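Here's the letter readout for the chains.
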Amino acid sequence: MRYEQIPHTADLAVKVYGKTVPEIFENAAFAMFDLMGNITRGSLKDTKKIEIDAPDTETLLIEWLNELLYLSFETQALFSVFCVRSLENNKLRATAIEQIPESGDLIQTEIKAATYHDLKIEKTESGYEVTIVFDV
Amino acid sequence: MGHAFAGRFEKIDDYRWKIPMTYMPGMRVPGIIFSDEKMLKDIIKDNAPQQVANAAHLPGIVRASMAMPDIHWGYGLPIGGVVATDIESGGVVSPGAVGYDINCGVRLMRTNLYEKDVMPYIKELVTALFSKVPTGVGSTGKINVNYREEKNILVKGAEWAVRKGYGCEEDLEYCEEGGAIKGADPSQISDRAYQRGRSQPGTLGSGNHFLEVQVVDEIYRKETAKVFGIEKGQIAIMIHTGSRGFGHQVCSDYSASMVRLLAKFNIEIPDRQLSCAPVASEEGKNYLGAMRCAANYAWANRQVIMHLTREVFESVFKENAASLGMRLIYDVAHNIAKIEGYNINGKIKDLCVHRKGATRAFPPGHKDIPRRYRETGQPVIIPGDMGRCSYLLAGTQSAEETFYSTCHGAGRLLSRTLAKKMTRSREISQELADKGIIVRCTGRETLNEEVSDAYKNVTDVVNIVQGAGISIKIAKLRPIGVIKG
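Read top to bottom, the protein sequences are chains S and V.
The first sequence begins at 1 in this note's numbering and counts up by one.
The second sequence begins at 137 in this note's numbering and counts up by one.
In case anyone wonders, no lab produced these hints; they're calculated from the structure.
All figures in this text were calculated on a predicted structure; none of them were measured in a lab.
Take these hints with a grain of salt, some might be off.
As the list claims (entries may be wrong) - Simulated crosslink set (DSSO-like; lysine-lysine; CA at most 27 Å straight-line):
1. K485/V with K474/V
2. K15/S with K556/V
3. K174/V with K147/V
4. K15/S with K181/V
5. K181/V with K120/S
6. K400/V with K91/S
7. K154/V with K174/V
8. K268/V with K571/V
9. K300/V with K287/V
10. K556/V with K177/V
11. K556/V with K174/V
12. K485/V with K318/V
13. K154/V with K181/V
14. K421/V with K287/V
15. K368/V with K358/V
16. K400/V with K120/S
17. K15/S with K557/V
18. K91/S with K123/S
When you get a sec, could you build the whole thing from the sequences and use the hints?
Okay, here's the thing in structure tokens:
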């Protein structure tokens, strides 16, 4: 399982799983766009390169998500395939591939932002997990 | 999620519950939740009381970390949170304590029409409003502004809209801050925020934002209602929206930069979403300059939507808006930080009052409310859910204890996911039609997420703020037509 949605009264919250921290980054991005619209159908389009840094890994995770949200607004597209090229010293190099939807509305749920609320990437027996709250 | 509220409330009186400073190390003041015993049971199920305690750690906080009865779990500060910091003693401003939808707010417009005048046309009206007012996720309108024009919106707010022909001069007098808060600094706005703001003035958006045609269902104080311009049976229009993608981007930009400032200012807080900087620092001032731009954008947005509404009524009733008596009663912000003066230990201090899902409610006689309302107190507009009712309240002198703040709406009870699950087999628009409410909505799932059962009963919420003395009920309004994103 890449992620699961967990109850949150006002907004949307997900628990994201990954064998590694880079996988947490990829799966968190998948979770966000999966909540926004249908990204399992349709065809793939351009690849965007993203390079960002932050003071710590958790902050970097949220900024990666908010960077993708902005790019999604700018290109009027959703993203569906994510690949972390490198994640070292709180510097991220990654790619995201745009998705052209088959039909209907592109975005069904508007996400205003990924929040820093109660953010902690935790080590588990099988890898890592983190809970992220999105403002909707 | 982690940090569930594990403490106990100390009862102060029937409407005030205290989280003592001993609950958590580092709390600078206690937490106070305005609620009755019944509603407290729902509140405690949620994580929100923990967020009240977290906010009590903010440097410079005075009196208490407060929450209104519509409190529910948010991020950083809970929804319904009120926090004031003393600027002179290092008080901070926190973008997460304002929220992403800066100056999300509500306006209420009266008309000379009565229910019987409107009922024969209600379907036509709702359809026309739905086609005229852009709604839905990422909705864009007919207005597309260039950089220079957008800068004008950021400084002039609702006045920009009026100058462009969307409304009249008198509308400005009936907005909080006259529809444009001073101190907006467009040089603090990122290119990204400018980009996101270009095509969205005059758009409603999605989620809990709405435009409703309502009937005044009950009057509680006749004299005040008369001053506000309403009586039983009359038609009013309520508009609930904010600063759209522009405001979200401003909050994202400044939340990111403030996370990086915690070490610089040596600030320790239990939740990164409460990242902040001293109001008096350059960084604090920059955020406030940017936040005010977003606030002004929202006032322009609601002004344009109100104008579009007037145009729809003009075309349906073949009469101009002035003769239909379509006058703005008031426009309030419920996600904002303001600098206001209060008496703290015998001295008037400039405080940075954060209201996140809370409404300013100035008392009778206050210099910053329109002359018309000097004797009644400020009109306070409390939207409920689409299937029940909304309220019009007035500010009171005793709300000084909450920095003249009161509730902002019903407050959610169920998550969106649970609401959708519970209503899977229900036809919400038909249920509403059976109750005499015509609804049009862009999003397929919005109506299910926004179903009445997902909200606290707004009547309970306003009864608590009235019981606590922090505002008084003037009128109840019932929806007959709703458009949503």
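Verification of the hints:
no., hint, verdict
1, K485/V with K474/V, "13 Å, holds"
2, K15/S with K556/V, "19 Å, holds"
3, K174/V with K147/V, "13 Å, holds"
4, K15/S with K181/V, "20 Å, holds"
5, K181/V with K120/S, "22 Å, holds"
6, K400/V with K91/S, "21 Å, holds"
7, K154/V with K174/V, "16 Å, holds"
8, K268/V with K571/V, "25 Å, holds"
9, K300/V with K287/V, "14 Å, holds"
10, K556/V with K177/V, "23 Å, holds"
11, K556/V with K174/V, "25 Å, holds"
12, K485/V with K318/V, "19 Å, holds"
13, K154/V with K181/V, "16 Å, holds"
14, K421/V with K287/V, "18 Å, holds"
15, K368/V with K358/V, "10 Å, holds"
16, K400/V with K120/S, "22 Å, holds"
17, K15/S with K557/V, "19 Å, holds"
18, K91/S with K123/S, "20 Å, holds"
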